[in-house]
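Could you put the whole structure together from the sequences, leaning on the hints where they help?
Sequences listed follow chains A and B, in order. Going by this note's numbering, the first residue of the first sequence is number 1, and it counts up by one from there. Going by this note's numbering, the first residue of the second sequence is number 1, and it counts up by one from there.
Heads up, some of the hints might be wrong.
[What the hints assert, rightly or not] DEER-style ranges, computed between Cβ atoms:
no.	chain 1	residue 1	chain 2	residue 2	range
1	A	E278	B	A315	26 to 36 Å
2	B	S410	A	A275	55 to 65 Å
3	A	A282	B	R264	19 to 29 Å
[Stated by the list, open to error] Straight line, CA to CA, 20 Å or less: simulated SDA-like cross-link-like pairs of lysine to any residue:
no.	chain 1	residue 1	chain 2	residue 2
4	A	K9	B	S332
5	A	K9	B	A385
6	A	K9	B	P333
7	A	K261	A	G320
8	A	K261	A	E293
9	A	K9	B	W318
10	A	K9	A	A56
11	A	K9	B	D383
12	A	K9	B	P387
13	A	K261	A	S323
14	A	K261	A	R297
15	B	K158	B	W318
16	A	K9	B	R330
17	A	K9	A	E90
18	B	K158	B	D373
19	A	K261	A	A275
20	A	K261	A	E241
21	A	K9	B	A334
22	A	K9	B	A241
23	A	K261	A	T242
24	B	K158	B	R322
25	A	K9	B	T390
26	B	K158	B	A241
27	A	K9	B	K158
28	B	K349	B	E406
29	A	K9	B	S38
Calculated directly from the structure, the hints in this document are not laboratory data. The C-beta atom is built at its ideal place from N, Cα and C for all residues, glycine as well.
Listed below, chain by chain, are the residues.
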Amino acid sequence: MSAPEELPKLLGDCVHCGFCLPTCPTYVLWGEEMDSPRGRIHLMQQHQRGEPLSPAMVQHFDACLGCMACVTACPSGVQYDRLIELTRAEVEREHPHSAADRALRRAVFGLFPYPRRLRALRGPLRLYQRSGLDKVVRRTGVLERLSPSLAAMERLAPPLGRAPRLPERVSARGGRRATVGMLTGCVQREFFPGVNAATARVLAMEGCDVVIPRNQGCCGALSLHSGREDEARRFARRTIETFENVDVIVVNAAGCGSSMKEYARLLADDPAWAARAEALSARTRDLAEYLVELGPRAPRRPLPVTVAYHDACHLAHAQGVRSQPRALLAGIPELTVREIADPDVCCGSAGTYNLLQPGPAAELGDRKAANVRATGADVLVAANPGCVMQIADALGRQGAPMAVAHTAEILDASLRGLGPDGFRTPLS
Amino acid sequence: MGEALTRLAERFTALLGADSVITDPVRLRTYECDGLTSHRATPGVVVLPGTAEQVAAVVRACVAEGVPYVARGSGTGLSGGALPRTDGVLIVTSRMRRILDIDIPNQRAVVEPGVINLDVTRAVRDQGYHFAPDPSSQQVCSVGGNVAENSGGAHCLKYGFTAHHVLACEVVTPDGEIVELTAGGPGYDLLGVFVGAEGTLGITTRITVRLTRLPETVQTLLAAFDSIESGGAAVSAIIGAGVVPAAVEMMDALSIEAAEAAVRCGYPPGAGAVLIVELDGPGSEVAHQFAEVERLCRAAGAFEVRIAAGDAERALIWRGRRSAFAAVGRISPAYLVQDGVIPRTSLPKVLARIDALSAESGVRVANVFHAGDGNLHPLVLFDDAEPGATERAEEVSGAILDLCIEHGGSITGEHGVGVDKSRYMPRMFTDTDLDTMQMVRCGFDPAGLCNPGKVFPTPRLCGEAPGVRKGVHPLVEQGKADLF
Ligand SMILES: Cc1cc2nc3c(=O)[nH]c(=O)nc-3n(C[C@H](O)[C@H](O)[C@H](O)COP(=O)(O)OP(=O)(O)OC[C@H]3O[C@@H](n4cnc5c(N)ncnc54)[C@H](O)[C@@H]3O)c2cc1C
Ligand code: SF4
Ligand code: SF4
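Below, the structure is given as structure tokens:
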């Protein structure tokens, strides 16, 4: 269905009941109707009926984190995910953002989907000086906005040395149960290479041959969730080609997994790609989702830690994966899982949101960090690099740094019997 | 924007700061309706105060300009109670959402009006308490809205409505004074008048609510019947036996179909009606009564009885019921939620009449009800794209209310009158009744600026066109009313 036919139908599904309000992070912050899902849908309806995209309207669409908490909360099955994607695409097409905003967006989208460029950031800000972007950046104040996040990344990245390169194939231990492809992700690969290594090891120990294609690129998640659909389609086609030969594609970054599950829709109007996209989406699994489907085989060794599990929006809301990571963690002897209050409310990371809307992102980060601290856990566990950076940064700001780990790293430590020191040491 | 509103917007900005005043038309329009979308009006100005003093200052400014104002909580009302005035101010409490005090030994909590109903329970559940009124909208509606609508829920059969759980309200009166209304003191029960007044007697800015102990045990069963009649007979038998269930809910075949489509609740196939009965209280008492309820259901003709083995199974049983309103959207492009009350014993008769109405008009009606207290929620289905369908649905919906009145019931059980049902008030009350109610209203709001146009069919007596009243009020002059 094309957007002009699809939009009115999707908008008509909303019965204005307001059940989505309390889990919307921007409504939690500001308590205003137009910064709630119901209000944004109302704004979309106004636009649909001919109201032009005014700066006021666009401001409320831009403020949406795309966290999809509203999709989970809605009893009427409103597809807000689709609505905001269509709206963002429309905003990209029709509404000129200010020069400063455009420069910021260019900088962000010229950076994140490209692992090589990201790598350059590991020596702080080198990229800017090299690329000549620094002049634009200084003029627009982008640096001030980007630098706190860069600083967080820098703090979080493993201290020294190059990221270990994963081999193209890791063989199953014990009898082989499956052959799976693994997506390495842009941010994950450059800033959390340990997570990818742990993912590959866990899959292998559970009896999977793991195929890790060297030439894989960005899956297109950031572009897709920001209304840059053509760019997203380019990334999607490439990813489909790369992974066409494996039965299952395991993804350990929530944002990437959710966008790959959306390829079917993204390429539905492209006759040459529709079927291939659908097949790929159907074969995509989040790591935890897949491990639970597969069933545990490798023995778990005790790991005496208390962890707080954080629901990444793109895992819980976009993919409906909530119970699986908890089940995997609970299956580890001597490990205690604590729940974080208000689990449905986003941490403010939301893809590029913390770069494009730093104020509200920081406030949401602070709220989440306070709830994480209240659990009294030793380690924060989350399955998305963005969340980990965002919350760790906020915890640092509050002077309460905490160790952070991906579900894969915790499992890895247990399967290998490494004990609680086996994963990333606390930040200082 | 009229001149008075322009002046007010400037005044509000000075009082509350620019980020608490909305004047942009596109933004204003997002406030044009509450949960009832068939009535819409873009407010003149929206303000988002943070304190009682700010609410009072806003109200005083409105009064000085003779501009009407309306309070709004979470905007989930189903009778258009929070419908704004284009020539007025909408006062939204969504930023007044602090829980100010929790006093477990005295079983009370003090909250601001924008606090969400379920958040009160969430804050005290670990200590073994809850806020008992549980409207289906509890995860979003505000306590202020609950007070205004005297909201209830599935468990109000045993625990009572909001009115039974409010101990005091701080209120900004329609002339901008801040007063405290408390329950149980000597003199007139003004709190009793205020709760359920649908925001027409002032704006509450702080509410002291009663906290209730969580029951020791809860037992839930789902009974499937061939027909509504046999389900209704079971309800009468249960209540007749002296059992006070925490909840008794019934759904008919059409609403079961909708719930299955939405949440796959897995109710017994082929049921013409299902009954959900929940008992709570001390373990031994519940166990004894529960066996009795099960026996009575079977005796009335239940062909299947399922007993929830734990919280997960209980949640599954409730899921179908709780989703019913929204779920109807899956089997019909549009629908009206009706809310009426009948004596429990008239249930089979009234339902048969609704069936007949539906057959005559070709308009489908799904029935969901709080069967224990005779509160019906017929869902009238229609296709809004079909010419004339909306009108036909409204006609059927109105006829159902006539049925309720005819059987000695009421035109609303818990959703309020608002704008939607004001026209039915004369069918239930005589002119004298309505005049008496208006006199009470005039006592609080002589200028008629506080949520005007709601509850009463036509502005009568003091309630005519809003404007500042100069001189002595005619009712006072006639000795008919006093000013508080
Ligand atoms: C899907 C759905 C299910 C529902 N289920 C139930 C149910 O089971 N039982 C039930 O009783 N209701 C139910 N409702 C109706 C509604 O949720 C209740 O009436 C609720 O109490 C309204 O609260 P609110 O905060 O949304 O108020 P609003 O809709 O914002 O306002 C309602 C009325 O209260 C007034 N008001 C708001 N705040 C104040 C204040 N501080 N002081 C004075 N007046 C004020 C407004 O002027 C208006 O007249 C349901 C609604 C929906 C959408
Ligand atoms: S996606 Fe998240 S931020 Fe956006 S409207 Fe929905 S709940 Fe709010
Ligand atoms: S999006 Fe869903 S939950 Fe939110 S108002 Fe619309 S129907 Fe209700």
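**Asked** Is the hinted range of 55 to 65 Å satisfied by the C-beta distance from S410 (chain B) to A275 (chain A)?
**Response** 59 Å, holds
**Item:** Pairwise hint evaluation, E293 (chain A) against K261 (chain A), where the allowed Cα distance is 20 Å at most
**Value:** Holds, at roughly 17 Å.
**Request:** Could you grab the alpha-carbon distance between K158 (chain B) and R322 (chain B) and see if it respects the 20 Å cut-off?
**Result:** Since the Cα atoms of K158 (chain B) and R322 (chain B) sit roughly 18 Å apart, the hinted pair holds (cutoff 20 Å).
**Asked** K9 (chain A) and A241 (chain B): Cα distance at most 20 Å?
**Response** 50 Å, violated
**Request:** Take a quick look at whether K261 (chain A) and R297 (chain A) sit within 20 Å of each other, Cα to Cα.
**Result:** 27 Å, violated
**Message:** Checking one constraint from the list: CA of K9 (chain A) to CA of P387 (chain B), max 20 Å. Satisfied?
**Reply:** Cα-Cα ~18 Å, so holds.
**Prompt:** Between K9 (chain A) and R330 (chain B), does the CA-CA distance stay at or below 20 Å?
**Reply:** 13 Å, holds
**Message:** Would the hint linking K158 (chain B) and W318 (chain B) be met if the CA-CA limit is 20 Å?
**Reply:** 17 Å, holds
**Asked** Per the hint of 26 to 36 Å, is the separation of the Cβ atoms of E278 (chain A) and A315 (chain B) within bounds?
**Response** 34 Å, holds
**Message:** Run the distance test for K9 (chain A) versus K158 (chain B): straight-line Cα separation, threshold 20 Å.
**Reply:** 42 Å, violated
**Prompt:** CA of K158 (chain B) to CA of A241 (chain B), is that 20 Å or under?
**Reply:** 15 Å, holds
**Pair hint outcome, K261 (chain A) versus S323 (chain A) [Cα-Cα no greater than 20 Å]** = Between K261 (chain A) and S323 (chain A) the Cα gap is close to 19 Å, so the pair holds against 20 Å.
Of the numbered hints listed earlier, those contradicted by the structure are 9, 10, 14, 22 and 27.
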